[in-house]
Amino acid sequence: MRTVLFNELLSVERSFLCLRKGIKMAVKKTYDEINQKIKEGNAVIVTADEVLDIVAEKGIREAAKHVDVVTTATFGPMCSTGAFINFGHADPPIRMTNVLLNDVPAYAGLAAVDAYIGATETSISKGIGYGGAHVICDLIDRKEIRLKASSPGTDCYPRKNIETWINLDDVNEAYLYNPRNAYQNYSAAINTSDSPLYTYMGILKPAMGNVHYCTSGQLSPLLNDPYYRTIGIGTRIFLAGAQGFVSWMGTQFSSGRKRNENGLPNAPGGTLAVSGDLRKMTTDFLKPAVFKNYGISMFVGIGVPIPILDEEMMSCVSVSDKDIFTSIEDYSFKRRDKASLGTVSYEELRSGHIKLGGKKIPTAPITSLHKSRQIAKLLKEQIGKGEFEITRPVQRFPLDNTLKSLEIKSKGEK
Amino acid sequence: MKTKWLLTFSPEMTGEPVTYKLIKNFNLKINILKASIDLNVSGSLLILADGTKNEIDSALAWLKKSGVNVDSGDSQIVWNEALCVHCGACTAICPTKALSLDPSTWLIAFEGEKCLECGHCVPACPIGAISNNKGLHNV
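If you read the protein sequences in the order shown, they are chains D and P.
1 is the number of the first residue of the first sequence in this note's numbering; add one for each residue after it.
1 is the number of the first residue of the second sequence in this note's numbering; add one for each residue after it.
Same shape as in the complex, but just chain P (with noise of 0.2 angstroms):
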């Protein structure tokens, strides 16, 4: 199973190599989709982890364990479908056609999961339907 994590880090912790924890003990397979470090030198890293329930579950009980914040959930874009004019131009932006207008019913439709949360979308919407606040949940 695939599973999208936004792994926010303590100071402390930031010089820690989680991910190469993350691959070593616990056999996932990382996507790095975002790297950060604040000038409180706070870090946050957005991944895409893919291996069995087993691995996944002992992952996050691990990072929970060593004090890292974990959210989880498709994309940290939200997309709202009641403001949405279903005009298009989001979608050539998007590098990944998570956004994307379908051929017969020219609806737009995102899939969260296909997101690499560049938030190129979201200046590209002229109604603002579209925002970067964390459509992600704590676990």
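Next comes chain D alone, as it looks inside the complex (with noise of 0.2 angstroms):
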């Protein structure tokens, strides 16, 4: 019940936080505004790290006057991450049915020669030493990559294999599509139980030998803007080097989580769908990774500016470490739902080691914080060149998203 008034009065007010903190609304800039002070050059840009000075010295107010544009980013593994390809057709034409790029397997399901490489799937010859997000980063990095196709043949397309080599520039089309990426928090991960766990956090000693998270905290985009205010579908982004796009909201996207008085969620909450083109893209951003005894994902490297637009967005950017959160939960526990050890804040992971259970505990994260700073920057010179527009989104985000479970049940069971 609570959820649904505090939703109804953001829908209407969208001044949560300032209403909260007592803060009266008296800076009002339109998206149009911001782009011609960009345009002119006189536009105010910093990162999330740098508003947080800003802020300090001459509060909220006078801070939303002065800053135009806070650029956040995050650089860390993120599975749903994978591309589609579209190849050109063949003389005589192939229905791709079975697709092999460098022998890492790709969906073709689709049209006769579209497809869609993920970055988790594995070589069929290399196993998790060679997969999707491998594949992804040899096109961009221009190698040539070995094709396979096989197919039943029809009338119209009558080939029924093909092997050939391609490049990125060669194909038609080729561009990112992550279904879930840049999630707005992460629960850290432990392991209790007397053996190491290999995990997509890492590898997690045993006897909680250590804590792993993996959010780039105050710089991340999401946290930044928690109510998805200036970041929704057609929301322009920097992705892996390229300008993307929020295509869509995230998949497991939970906005309804219960949160604090920032209204920052204590465990994952919001998540993006993004896209761009992959011949635009560097692999200086995006970097396959390999977890041992897990398999492959992919370090995405996304940046995202948010418009000041009143002090409401100037409250919601001037969060710091100190004022999020996050679970610690047990990867030992090897059911959907994990034992909680607590909440600490993203200040104390930073520090390097958390108490527990009278224990100190070494933190380590698993998000680059020196790359997620490094987009924050080149993303402010970007803007600042006037390279790079602010968009508002086309549409919101829904704010009562909640999880459902896969439950196994009979044919008609309720």
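Because the hints were derived from the structure by calculation, they are not lab data.
Everything numeric in this text was worked out from a predicted model, so none of it was measured.
There's no promise every hint is true.
Stated by the list, open to error - Listed next, the stretches of chain P that the computed footprint assigns to chain D, with coverage defined by at least 3 CB atoms under 8 angstroms from CB atoms of chain D:
1) 38–52
2) 80–87
3) 125–134
Unchecked claim - Lysine to any residue pairs mimicking SDA-like chemistry, simulated, CA-CA at most 25 angstroms apart:
4) Lys126/D - Cys84/P
5) Lys97/P - Ile354/D
6) Lys97/P - Arg373/D
7) Lys97/P - Leu356/D
Built from N, CA and C at the ideal position, the CB exists for glycine as well.
If you follow the hints, you should be able to join the two separate chains into one complex; please do so.
This is the structure:
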């Protein structure tokens, strides 16, 4: 009930944080005004790290007047990543049914020469040493890729087999389409068992030997726009060096999570589906990741500019690591809902160790803060040079989405 | 001064109390980091030796005269800075903070002299930027 009221309030006012902090709304800037200032070279653009000092010095209202855009970024492993490719037609043509790219299977249950190569797919000859993420990076690096495809053959597509070499510039289209990136928050991982665990969160040492966490905290896009006011469908973003777009809400979008007084979920919340042209990307910001005994993932670099429309947006971007909390989940608990051992702030995680049950436990990130900062700075420069326009989302995300679980049942069973 | 040595012995030498002699005859403080014997009874011993320059030099001369192969350097572990994305996945795995993140730049640094040669960082790196391919050189 509380959540419903709260969301209604948001949809009307969109000034939740300001109401809560007793800040009256007086500043008002439109997307057009901000883009005009960018064009004229008068816009003030800072990163989500840099804005903290400005707010500390000037306060929310003056900072909101002064700053026009705040850049956010993240660079971490995001498994739900992949690329659509259209290979062009051979002569005679083939309706590709089974497709291999450097021995990595791509999904081809689409039109004749369309395929989707997922980052986590593994090579049929090399296992997890080479996979979809490697194929995507090899394409971007303009390496030749071995394409093998087969088909039953049809009247309109008579060819049954093809073996050839492709490269990124020869294919018709190649674009990244990632169904779930840029998690709003993510639980930190620990292992209470007596043997090591090899996970997508890295190696977790036995007996609570380490804690791994994986967001860029105060720099992370959705932690700076907790209610998705400026980040929605159509938002132009930095995607692995290219200008990409938010194409949909990400899968497992969980905006209805309980939130703290800063409006932030203490557990995985919203996510983004993003897309962008592979030809304009660079492998400086897209890298295959191989996790021992788990498999392949992909480091994806994402940057999102947040226009400071009013005091509310300035309140949102002024959160720092000490205001952002996450739960610590025990990965040795081999069930869907893992046991939580408590909540910590990103400030504590960033200090290098946390105290849990009287024990001092080393902490380590899986998200590169160095790369995230690099992206936030690069985006700031691109906007400053007038190369990157700020876009108003064409559709906002729902605020009450909750996660469904998969139940095992017989047909017709409720 | 401290020096890290990887001693490799022929099968004939494996019975020799080499560590005892390094302590007793050359007054070195020895910290054994790793010891192994393979199926052909070739042995290797990774040690941190602490002594004066004179003591270290004399011990090294004796080891070579005795037919022990000596490799030296900061660490067997090689961290490829050019490949590294500075995520941090290796840092809490490392027991001695030889691999660490700078708290202001958030860049990884590798200090070989702190390395215990456990090798746990090698599979912990998702990028494959850390390898265990003997970053030591023959002396």
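Please verify whether lysine 97/P and leucine 356/D have alpha carbons no more than 25 angstroms apart.
Holds. Lysine 97/P to leucine 356/D sits at ~20 angstroms (cutoff 25 angstroms).
Whether chain D covers the region 125–134 of chain P (at least 3 residues having a Cβ closer than 8 angstroms to its Cβ atoms):
Satisfied; 3 residues make the cut.
Taking a Cβ-to-Cβ distance below 8 angstroms as contact, does the region 80–87 of chain P have at least three residues touching chain D?
Satisfied; 3 residues make the cut.
Starting from lysine 126/D, check that the Cα of cysteine 84/P is at most 25 angstroms away, please.
Since the Cα atoms of lysine 126/D and cysteine 84/P sit roughly 23 angstroms apart, the hinted pair holds (cutoff 25 angstroms).
Is lysine 97/P close enough to isoleucine 354/D, meaning Cα to Cα at most 25 angstroms?
Between lysine 97/P and isoleucine 354/D the Cα gap is close to 16 angstroms, so the pair holds against 25 angstroms.
Would you say the region 38–52 of chain P counts as covered by chain D, given the rule of at least 3 residues with C-beta under 8 angstroms?
violated (count 0)
Lysine 97/P and arginine 373/D: Cα distance at most 25 angstroms?
holds, 23 angstroms
In summary, the one numbered hint that this structure violates is 1.
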